[in-house]
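A.B. asks: The lines below spell out each chain.
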Amino acid sequence: MVKQRTPDLRPVSAPDEIETPVLSLSKLAWRRFRRHKMAVGGMVTLVFLVLYCIGGAFIFTEEYANYNDLSIKLQPPSSEHPFGTDTIGRDILARTVYGGQISLLIGLTAMIVEIMVGVVIGALTGYFGGWLDSLLMRLTEAVLIVPQIFLLLVMAKFFGGAVPNINILGREFSGSVIVIILIIGLTAWPYTARIVRAQFLSIKENEFILAARATGTGTWGIIFRHILPNSIAPIVVAATLGIANAITLEAYISFLGLGVRPPTATWGNMLEGAYNYIDQGIYWLWLFPGLLILLIVLSINFVGDGLRDALDPRSRAV
Amino acid sequence: MKRNLIYTVVAILVSAVLLLSACVPSGGGENKVVTFIFTQEPETLNLHYTNMYFSAILQQLWNHWAWEYDENNNPYPVLITEMPSMENGGISADGTVLTLNLRDDIFWSDGEPITSDDFVFTWEMAIAPTNTVASAYPYSEAASVEALDAQTVVVTFAEPFAPWLYFFHGLLPKHVLQPVFDAEGTLDNAEWNNAPTVGSGPFNFAEWESGSFLRFVRNENYWGEPALVDEIFVRIVPDDAAQIAALTSGDGDIGIFIAYPDIPTLEDGGLSVIKVFSGYNEGWYLNLGANAHPAMLDVLVRQALAYGTDRFVITRDLLLDKTVPAATFWDGSPWADPDLAPYPFDQAMANDLLDQSGWIDSNGDGTRDKDGVELILRYVTNNRDVRLDTQAVIQQQLAQVGVGIELINYDSDILFGSYGDGGPVAIGDYDIAEWSDLPGGFPDPDTAYWLCSEIPSDESPQGSNWQYICDQELNDLFALQKTQMVFEERVATFHEISRIMYEQVYWLGIWQDPDIWAVSSRVSGVQLSGVTPFSNIAEWDIP
Amino acid sequence: MTRYILRRFLQAIPLLFLISLLLFVMMQNMGDPLATMGGRTMTRSEDRARLTRQLGLDKPVIVQYLYWLIGNDWTKIDLDGDGVAETPGIRKGVLRGDFGYSLVNREPAMEVIMERLPNTLLLMLTAEVVILFGSLLIGIYAALRQYSLMDNVVTALSFIGYSMPIFFVALGLMYIFAVNFKAWGLPYLPTVGMFDPQAGKSVWQVAWHMVLPVITIAITSFAANSRYVRSTMLEALGQDYIRTAKSKGLPRRSIVFIHALKNASLPIITVVGLDLPFLLGGAVVTERIFAWPGMGRLFIDHVSRADTPVVMGIMMLIAFAVITFQIITDVLYAWLDPRIRYQ
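Protein chains in written order, with the working numbering: chain A, 293 to 610; chain B, 3 to 545; chain C, 60 to 402.
Simulated from the structure, these hints should not be mistaken for laboratory data. A virtual CB, placed ideally from N, CA and C, is assigned to each residue, including glycine. One or more hints might be untrue.
[Stated by the list, open to error] Which bits of chain B does chain A cover? Going by a derived footprint, with three or more residues having C-beta under 8 Å, they are:
| no. | stretch |
| --- | --- |
| 1 | 115-126 |
| 2 | 481-494 |
[What the hints assert, rightly or not] Examples of chain B residues toward chain C, derived with CB under 7 Å:
| no. | residue |
| --- | --- |
| 3 | Thr-46 |
| 4 | Pro-131 |
| 5 | Ser-137 |
| 6 | Asn-353 |
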């Protein structure tokens, strides 16, 4: 089941009201963020995980991560292979490093697609209203009405294999990476669009917008210079949570066999097929990539929650 | 309170659903029940409407074929008195007329006799344009099927048709289905397809719960020796790990398509693991068409691929030494030339051949090239775990002889898409494609994959020669064998065919792909055939 | 009220059209339903050509959509391949309740779906009840002890639950309670299926097999719901009438469970109401792992066979249910809260 809502942690970090000293917005946000212990913990974990994925690449080469040796397949964790080896004797530790890079890449870029589409549609509908609003909002509703995992599976098949392998920075990626990024981005945007639309609807009635319009600022100027910067807080929160969501979704579709194709490893597709070995006690195939997914999603969710508190202009906590 | 009301409604709903789903009576204790574990659910029980293996193998439980097959895949008569041959006149001298003599003591489970009318009806239904049957072959090849009398069926062909053995799998009861066809104009939606009330086998279909199970009970009105067990329970477990768990815990007696890594687990659990040859060989289909890499056209390169891949390490370590590399498309059947052995693993030979062919690493990047084209081949297959693993292993092996490999995977329904649908293999968008296949009418060896006329094009978008190989000599031999009614002559032709395909490396065997069955020691008398696995199901027992 | 409901349904019609058209077009490119037809080898070329024609798969997408929508009994189709349409069509189309025939087994698509619907409902409604009671319990407890150690622990745990990919929970639970418990000789839970074939299908068997999948679904959903209960309860507890009740000396129990919960239940009902239709889809991943014969598994199986009629049927059923439940929730809301009036 794909989650529909994020739990709201707000009250936990809402201590008694204190008079706010005069501080710049970003400093204020940072101070609020720091007070959210779990968000800070999430941030630290996140940095650590990113270091793991990037730093690990200096310890293991990609050839090593893809090097197979059938004579050492399915070995349990040992000093030589701390996370054990997989079905054809590849080192799981090295594969989690390179798989993590792809998972992160998918999370980030899918989020960018999602936010871009969401902001454009949200802004258009919120600002212009009228028939454009009704048309685009029907589309938004249409996407929302079908559960995302169903849409993802159908779209994964739709684009499946249509994209050739690509070469970025000398590394060969399966074209399915692009497919996954696109389909996650293209099914996740309605939430963002709704948030942005609501923001636009409320902000565009403000007096400073009327003033800007009266002084002859153009439509796009108003949208980009006045309204958008003022709705940045919820967008940032949505973006953060969007990364976590995208990483989870990639894992889901890869687990169901429609995700990123080998040889490109992701944390999600390392899990595919792992459950066939569950009753032989071969836990290391699914435990390590699974734990990494859990850790990264958890820490991003904490950070997102901290950001929500910190950036909420109504929150008076310091 | 309104809130309570809502909870009450939910609670009632839940208990209603619980009750509804519990209405199936539980099995009795005294019955002898053999439980099959199937990893896929049969689609339909009418064999004409599916190509699915799990639908096909259930046939012998409830509906006999005209002839069935023993453990060595040799046919023996079931509904007929003897196998037709030239000697007994069942096959005419010119090979165009096939005469079947039915037994006179056979009847359907409702007591109606099985007569030649049922055979004619089966043929009519298979070729009726309003029936969307999965395969009209081989019925479409017959010019006519006639009933001479109640016990004599005559099949006439326009020209000699050697693969006639493929006929009369899945006989349809005319007295049940003719009225349906007359009323609806088609058999597509006949209830009989999924709940066959009438059959001719030792068991009767009892019930089928979608996604869960099928149940067959002993046919008390069977024309042959009655079955020894009371019930066959087919449990659907869509997951390999769960299948193994069910078999080892004793929840299931028979399982098929056991993955090689699971064999030791099952043997430790006291099950016997039986390899049954059913015509399948895992192999490489090599593309020689216009969209292929130019190196593929060079037989030296194709031979180098054969020498450069260690298929022995794959069968030994990945498949746990339970099978061996295949040499020909017909391995494991009398049609394969026993003198042909799989290409050995010889990297020096592979390097030599590649050097001779002019593909050398001139720019020092580790991959051979020629005229500015790098030797990087596209290696396509589906998403089965064992194939993904094989791909990775072979990629590494070929890199050692300077051949780059790009791995590409598709789901089966995309991989096997036709030329008209833009299927990647059908349009020739690959260099090497791997899957497991068998001659279409196994145990008949005939196949259309390498016929020149089957090369797909805009005019014939359904063509099945996805290798785009048109070798005139090979093509003529394929045409010749189809008309050879004398076994020895046909075998000789096939040895010639397999030799050409071996030398030219038109198809490269990866491993012999027998069906792996696991059978509980609880059940006795099990003899599994590759074509009709349950042909002796009536003799199975739980002592 | 009736007019309001009617208007909402009328507004939903174009939406359903839009969804069905988008999905239908997308599904045409999903793969070739005739590629292998479930066999282990590919379909023969002559059979492929014949079936493409017979099943109408050679028609342009828009014609296929039209046939799907309004049927083809008003026209003639070519079945024998002579290029002349001679046989009258028999399909009635979705608008007349005919969802077409499954390309996998030629059974009516709705029948295929309806065979699995009760199983999914059973699993998901049970899970929903567990989730509801569990999150009420956790949420109320956390609300009453705001900022206590337990509150923070519960918060942290629910966040972990929320972040956990469902297959990870499923595999972990299966590994511990089914595989290892069995190895240690403890009473263990079954791994897969709906019942043990030897024992037969009894209420007890089904309930026993439901334990792991229900827990799996519940763990990942407790988080969001219990946080929601907590915040609405906190809000309700801060209201004036609670203070009045307290000052009147009413017992704490009745304040919490009668006054506060009654008012907090309104938004909770909304959330549950909006969640229910999504349950129809079942837990795709959960059903896959625990081999539960429900709609989610049906969906995956038929997507992989590019079986448009069944896949479309499932999607449209869910879309329709989502819209219906949105309306029901709105109406229920108005009924429960007399301050809200719909025009």
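A.B. asks: Give me the numbers of the hints this structure contradicts, sorted from smallest to largest.
C.D. replies: Failing hints, ascending: 1, 2, 6.
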